[in-house]
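Protein chains in written order, with numbering that gives the first Met the number 0: chain A, 0 to 138; chain B, 0 to 138; chain C, 0 to 138.
Calculated from the structure, these hints are not laboratory results. Check the hints yourself; a few may be wrong.
A pair holds if it fits inside one copy or across any two, identical chains being indistinguishable in the list.
[Said to hold, decoys possible] Straight-line distance between alpha carbons at most 20 Å, and here's what the computed EDC-like set of lysine to aspartate or glutamate pairs gives:
hint	residue 1	residue 2
1	K109	E85
2	K109	E23
3	K12	E35
4	K26	D86
5	K12	E107
6	K1	E107
7	K129	E23
8	K109	E6
9	K109	E68
10	K1	E138
11	K129	E35
12	K1	E55
13	K26	E85
14	K1	E68
15	K109	E76
16	K26	E68
17	K26	E67
18	K129	D53
19	K1	E67
20	K109	D86
21	K109	E55
22	K129	D111
23	K1	D111
24	K1	E35
25	K12	D111
26	K129	D86
Just so you know, these numbers come straight off a predicted model, no measurement behind them.
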Amino acid sequence: MKSHRHEITIETKTRRAFVNITSEVEKVLRASGIREGLCLVNPMHISASVFINDDERGLHADFERWLEELAPHAPTEQWRHNDTGEDNADAHIKRQIMGREVVVAVTEGKLDFGTWEQIFYGEFDGRRQKRVLIKIIGE
Amino acid sequence: MKSHRHEITIETKTRRAFVNITSEVEKVLRASGIREGLCLVNPMHISASVFINDDERGLHADFERWLEELAPHAPTEQWRHNDTGEDNADAHIKRQIMGREVVVAVTEGKLDFGTWEQIFYGEFDGRRQKRVLIKIIGE
Amino acid sequence: MKSHRHEITIETKTRRAFVNITSEVEKVLRASGIREGLCLVNPMHISASVFINDDERGLHADFERWLEELAPHAPTEQWRHNDTGEDNADAHIKRQIMGREVVVAVTEGKLDFGTWEQIFYGEFDGRRQKRVLIKIIGE
Numbered sequence: 000m001k002s003h004r005h006e007i008t009i010e011t012k013t014r015r016a017f018v019n020i021t022s023e024v025e026k027v028l029r030a031s032g033i034r035e036g037l038c039l040v041n042p043m044h045i046s047a048s049v050f051i052n053d054d055e056r057g058l059h060a061d062f063e064r065w066l067e068e069l070a071p072h073a074p075t076e077q078w079r080h081n082d083t084g085e086d087n088a089d090a091h092i093k094r095q096i097m098g099r100e101v102v103v104a105v106t107e108g109k110l111d112f113g114t115w116e117q118i119f120y121g122e123f124d125g126r127r128q129k130r131v132l133i134k135i136i137g138e
Numbered sequence: 000m001k002s003h004r005h006e007i008t009i010e011t012k013t014r015r016a017f018v019n020i021t022s023e024v025e026k027v028l029r030a031s032g033i034r035e036g037l038c039l040v041n042p043m044h045i046s047a048s049v050f051i052n053d054d055e056r057g058l059h060a061d062f063e064r065w066l067e068e069l070a071p072h073a074p075t076e077q078w079r080h081n082d083t084g085e086d087n088a089d090a091h092i093k094r095q096i097m098g099r100e101v102v103v104a105v106t107e108g109k110l111d112f113g114t115w116e117q118i119f120y121g122e123f124d125g126r127r128q129k130r131v132l133i134k135i136i137g138e
Numbered sequence: 000m001k002s003h004r005h006e007i008t009i010e011t012k013t014r015r016a017f018v019n020i021t022s023e024v025e026k027v028l029r030a031s032g033i034r035e036g037l038c039l040v041n042p043m044h045i046s047a048s049v050f051i052n053d054d055e056r057g058l059h060a061d062f063e064r065w066l067e068e069l070a071p072h073a074p075t076e077q078w079r080h081n082d083t084g085e086d087n088a089d090a091h092i093k094r095q096i097m098g099r100e101v102v103v104a105v106t107e108g109k110l111d112f113g114t115w116e117q118i119f120y121g122e123f124d125g126r127r128q129k130r131v132l133i134k135i136i137g138e
């Protein structure tokens, strides 16, 4: 069994953002030399998500509005986590809705995806450097 | 390390549906000959989920009503994704709530499940052929 | 390829609770002798979650209040699942929001975590013995 590990760094200019990281994951997969296996992708932070969905600007606007209604950033005093001096309770909650990680099948050296599957980093408390872990195991 | 890949095809008659695919996954696992490892099951589409929960009709009715309140299909104009000519923005969002994939332990050649765990395909934009990927790695 | 399986048992005194199980998972990982691979952690029940987030009391209070608003326990008659004689429909739904399982990278014999990542068992229908499965594969 082979394993391969790589970190990528992401810094968004806005508090919230969705970044397509599919081509970066594909690059890491090619470097790994692994042909059959599983590929895990997760943020190393608890106010961000990695998820698979559509690379369509309108959908991302829908996610943004919908998440903000479900777990609003403001007023920040509504969340007990923010009593600690933080202002990112909503980011921890948004991350739970969108999920932490994805596990993707690796087949014949490629991410085994349907036509529209793309991997996104979902940032909910950005404007600073964050790390995304890619771990691939297989042969 | 061994790996095994199989696709199953699902076409629901209704826009939304929950389909128990546990026995199909078990069949694929037996065919793989893998005794110890991990089994990934995911839709190859971005308007559907694979999840583990109870095979109980009342609960599925609760999921349906609750998801429809959280991310309603209509009016379709409420979602920017639908400006592209689609009408399935709600399906992309419902899929995020219910999750994309499951990873199940394989132990002694079986899905390592508690008493009530069953694997479901959750369709949110059906009435056409969809594919579910099963990828098993182990020994 | 090596594989290692372990169950831990959890019984909460309250219906709902969040229990940090990181050190127990680390103990199982050390016992496995696996240095590089993947570690799956999931409840063997369908009214509980395993998830990764912050070990901060205020945030857990936020999760509790927010989940209760999204999928309230009472009145229990609002859920069709409870027509079966159960009263835990809300627990099945809360588990979907928070997710079933986590998959964690194992690197150099350790859980490959960022600074704040901690693994929690999220109980939504407690006061009885529940099992959590840890399955590690790798080398």
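Here's how the hints hold up against the structure:
1. K109 / E85: neither (40 Å within a copy, 29 Å between copies)
2. K109 / E23: within (13 Å within a copy, 25 Å between copies)
3. K12 / E35: neither (36 Å within a copy, 35 Å between copies)
4. K26 / D86: neither (35 Å within a copy, 34 Å between copies)
5. K12 / E107: neither (37 Å within a copy, 34 Å between copies)
6. K1 / E107: both (15 Å within a copy, 13 Å between copies)
7. K129 / E23: Within one copy only: 15 Å inside, 27 Å across.
8. K109 / E6: both (19 Å within a copy, 16 Å between copies)
9. K109 / E68: Answer is neither: 37 Å inside a copy and 38 Å across each miss the 20 Å cutoff.
10. K1 / E138: both (5 Å within a copy, 9 Å between copies)
11. K129 / E35: Result: close neither inside a copy nor across copies, 29 Å intra and 23 Å inter.
12. K1 / E55: Neither. Shortest intra-copy (35 Å) and inter-copy (37 Å) distances fail the 20 Å Cα cut-off.
13. K26 / E85: Neither: 36 Å inside a chain and 31 Å across chains, both beyond 20 Å.
14. K1 / E68: Classified as neither; 44 Å inside a copy, 46 Å across copies.
15. K109 / E76: Result: close neither inside a copy nor across copies, 46 Å intra and 37 Å inter.
16. K26 / E68: Intra 36 Å, inter 40 Å, cutoff 20 Å: neither.
17. K26 / E67: neither (33 Å within a copy, 38 Å between copies)
18. K129 / D53: between (22 Å within a copy, 16 Å between copies)
19. K1 / E67: For K1 and E67, neither the intra-copy (41 Å) nor the inter-copy (44 Å) Cα distance is at most 20 Å.
20. K109 / D86: neither (40 Å within a copy, 31 Å between copies)
21. K109 / E55: Neither, since 23 Å and 37 Å both go past 20 Å.
22. K129 / D111: Intra 26 Å, inter 15 Å, cutoff 20 Å: inter-copy only.
23. K1 / D111: Classified as both; 18 Å inside a copy, 17 Å across copies.
24. K1 / E35: Both ways: K1 and E35 sit 10 Å apart in one copy and 9 Å across, limit 20 Å.
25. K12 / D111: neither (31 Å within a copy, 27 Å between copies)
26. K129 / D86: within (17 Å within a copy, 35 Å between copies)
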